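Order-wise, the sequence lines are chains A and B. Reminder that position 535 of the first sequence reads as 535 in UniProt numbering, one-by-one numbering, no gaps. Reminder that position 50 of the second sequence reads as 50 in UniProt numbering, one-by-one numbering, no gaps.
Some hints could be false.
Claimed, not checked - Now the stretches of chain B that chain A is said to cover, found in silico as 3 or more residues with beta-carbon under 8 Å: (1) 17 to 25; (2) 38 to 50; (3) 62 to 69.
What the hints contain is simulated information worked out from the structure, not anything from laboratory work. In this text the structure is predicted, and so the values were computed from the model without any measurement. For glycine and all other residues, C-beta sits at the position ideal for the given N, C-alpha and C.
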Amino acid sequence: MYLAIIALPLLASIASGVLGRKVGSSGSHLISCLAMVVSTAGALLCLYEVALAGSPVSVTLGSWVDSENLQVTWGFLFDTLTVSMLIPVLFVSALVHLYSVGYMAAEPHQQRFFAYLSLFTLFMELLVSGDNFLVMFIGWEGVGVCSYLLISYWFTRVQATKSALQAIIMNRIGDWGLMLALFGIFWVTGSLEFSTLFTIAPLIDPGVISLIGIGLLVGAMAKSAQIGLHTWLPQAMEGPTPVSALLHAATMVVAGVFLFLRVSPLLELSDSALLLLIWIGSVTALMAGSTGLFQNDLKRVIAYSTCSQLGMLMVACGLSQYNSALFHLVNHAFFKALLFLSAGAVIHALQDEQDLRKYGGLLSLLPFCYILMLIGSFSLMALPFLTGFYSKELILSSTYGHYSFSGAGAYWLSTVAAAFTAGYSIRSLYLSFLTKPNGPKVNYMGTHEPSLVMALPLFILAVFSLFFGFIGQEAFIGVGSGFFTNALFQHPNHVIEAEFTVPLAYKLFPLIATILSSSLLILFYTYFSHYATWLKDLWRGLYVFFNQRYHFDSLYSFIGYKIIALGYITGKSIDKGVLELLGPFGLSKMVTSFSLRIASLDTGYIPHYAILILLGLIGFIYFVVSMPDPKALILILGFTLILPYSPSLDDTQNSPS
Amino acid sequence: MTSKDDEKPIMIATQKEMEEAHLPLEWRDFCAHLLIPLNKCRNKNNYLPWKCENERHVYEKCQYDEMRLAEKRKKEEEQKKQSNNV
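Can you build the whole structure from these sequences, using the hints too?
Structure follows, in C-alpha cells:
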C-alpha cells in the first residue's frame with residue numbers, strides 16, 4: 001500500500017503524458033483523478049496505521065549509490081510527520097485534479113497539464129517520504145522542475161515564460177545553499193541518512209551545526225519564498241489557477257518549512273539558526289502582509305498572503321514549536337487552496353479578469369463563490385473557531401511566551417502582519433463582491449457559478465477550512481500529545497508554556513487588531529471611499545513603495561542588468577579576447593601564417609633553390625665546426641641513417657609469424 | 001503534580017513508566033503521571049477533541065499549579081538574593 005501511494009501518481013503521469021494521444025483528454029482525466037483518489041485513500045489508511053496505531057513503516061527498495069564512502073538507498077520513511085504531510089498533499093492534489101477537469105475544459109493540451117500535475121504529486125511524495133537527504137533532494141528538485149513546467153504551461157505567453165524562468169533561477173540560489181548544507185552533513189557524518197545524522201547530531205560542534213543550519217535556511221528561504229528570495233512566488237501566478245492553488249499555496253512552497261520539521265533534531269542544537277528563523281519569518285510576514293494590502297491583482301493578493309503565512313510558519317519553527325508549525329501548515333493548505341480555487345472560479349466567471357478594480361457587485365451573481373471566499377478569508381484571518389484560528393493563535397501566543405527580545409519582536413511584527421492579513425482579505429472581498437460593479441459590461445455578461453465538478457472540491461475544502469482545526473487540535477497541539485512520537489524533536493529547554501504564562505491581553509490583542517483593521521477598512525470603503533484618491537496622492541511615495549512590492553523587482557532588475565553588463569565586458573575582453581587570442585584561435589592562426597611563409601619559399605626558380613641549398617650547406621658546415629666533440633656528429637649521422645630503415649609497425653604486423 | 005503542602009512537587013511517574021508510555025521528552029515533568037492516562041485515552045479515542053475531557057482537565061490543572069509554584073519559588077529566590085546583597 002505504501003509503495004502504491006507513490007507509484008500511482010507516477011503511473012497516472014506516464015499514462016497522461018506518454019500515452020496522452022491514446023487515452024485522450026477524458027481518459028487522462030479519469031486515470032489521473034482515479035489515481036489521486038486511490039492514493040488519498042491509501043494516505044488515510046497510512047495515517048491510521050502509522051499515527052493512530054503507532055506503527056511507523058520503513059521501506060527500502062534497493063541500493064542507489066554504493067561506493068566506498070557513500071551508501072545511499074532508495075528508502076522511504078512513513079512516520080507521523082510523513083503521513084501528516086501526505087494528507088494535505090494528496091487531499092489537495094486530488095481535489096485540484098478534479099477541479100482542473102472543469103477549469104481546463106477548454107484547453108487543447110489537457111493531457112500535458114494532467115501529466116505535469118500528477119508528476120508534481122509524485123515528487124512531492126518523494127520529498128516528504130524519503131528516508132535520506134538524497135531521495136528528499138530528488139523530490140525537492142522535481143517539484144521545482146514541475147513548478148517551472150506548470151508556470152510556463154501557456155508557453156506562448158512571454159510573461160508566463162519569464163515568470164517560470166524567474167522561479168527556477170531563484171530556486172537555484174536556494175539549491176546552492178541546500179547543497180552546501182548537504183555537503184557539510186556528509187563531511188561531518190559521512191552519511192546522508194536522517195537516522196545517522198540525528199544519532200550523531202548531539203556530538204557535532206554547535207558552530208558546524210549552525211553553518212549547516214544556515215545552508216538549509218538559504219534552501220528553505222528560496223523554496224518557501226522568504227524575504228529576499230520571495231519575488232518568484234507572486235510572479236508564479238502567471239500559471240493556471242489550479243497550479244497556483246496546489247503548488248504555490250498549499251504544498252510545494254511549504255517544502256522549506258517541511259525541511260526544518262524533518263531536521264528538527266539537528267536544528268534544535270543551533271540557537272543561532274533558530275534565531276535567524278524567527279527574525280526572517282517575522283519580517284517576511286510583515287513585508288508580505290503590507291505588500292498584499294496594496295496589490296490590485298486578486299491572485300497576487302492571495303500569493304502575498306501565502307508568503308506572509310509562510311513567514312509565520314518559519315517563526316513557529318524558530319520558536320521550536322514544530323507541532324504548531326505543522327498544524328498551521330496543514331490548516332493553511334486547506335484554506336489557502338479554497339481561497340485560490342474560489343478566486344479561480346471568480347476569474348473564470350469574469351472572462352479571466354483578475355484586476356480587483358474591475359470587479360464589484362458579484363454578491364448577487366456569485367453567492368456560492370462569495371460564501372466560499374468568506375470562509376477561506378475568515379479562516380485565514382484566524383477568526384475564532386475556524387480552522388486557521390487554532391494554529392495561528394498558538395503561534396502568536398508562543399512568540400510572546402518565548403520571553404526574549406526576539407520573541408517580543410516577532411510578536412509585534414506578526415501581530416501587525418495579522419492585522420494586514422485581515423486588511424487585504426476584507427479589501428479583496430469588498431472590492432469583489434460588496435462594492436458596486438466597476439468592470440465593463442462584457443465581463444458580467446456570461447457570469448456563472450462554477451460547474452459541479454469545480455464546485456465539489458470547493459465544498460470539501462470549505463468543510464475542512466471550517467472544521468479541520470477543531471478536529472485536529474488535540475492530535476497536533478494538545479498539551480503533552482504523543483501524536484508525533486520521535487518524528488518531531490523539541491529540546492526540553494525550548495518548551496513554551498503559552499497556555500498558562502501568556503497574559504490574556506496579549507493573547508487577545510492579535511484578534512482585536514484583526515477585527516479592528518477589518519472594521520476600519522469596511523468603514524473606509526463604505527463611507528470614505530471618495531478620499532482614496534486624495535490619500536493616494538497625499539502619500540504617493542508610500543503607496544508606490546508598497547504597490548511596487550518594496551521595489552525588490554526593480555532592485556533585482558538593476559543588479560541583474562549590472563551583472564549581465566559585466567559579463568558582456570568580461571566575455572568580450574577575456575573569453576573572446578585574451579584567452580581566444582592566446583588559445584585556439586591565436587595558435588591556429590600562427591601555424592597557418594608560418595606554413596604560408598614556408599610555402600612561399602617554393603617559387604619554382606632553380607636559382608632560389610640553389611641559394612637555399614647553399615644556405616643549408618653553410619649552416620651544416622657551421623653546425624659541424626661549432627660542435628665541441630666531432631664524435632657526436634658520427635652518432636647523429638648514424639641515427640639519421642638507421643631511423644628510416646627501422647621496421648615500422650606495419651612491417652611487424654605484415655611479417656610472417 | 002502532587003504535593004502535600006503545595007511547596008515541594010513530587011515526581012510520581014517512574015522513568016520506566018514514562019518510557020513505556022512513550023511520553024515526549026519535554027513533558028516528562030511532575031505531571032507526567034497524569035499525562036500517561038491522558039495520552040492513553042487520546043490514543044484510544046483517535047485524538048477526538050470532545051473525548052478525554054476529564055483527564056485533560058486534571059492534567060492541565062496540574063500543569064497550571066506547577067507553573068504557579070515555579071513562579072512562587074523564583075520570586076522567593078530573587079527576594080533571597082536581594083536580601084543577601086543588602
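Structure-based check of all given hints:
1. 17 to 25: holds (count 5)
2. 38 to 50: holds (count 8)
3. 62 to 69: holds (count 3)
Going through the hint list in order, the structure satisfies each hint without exception.
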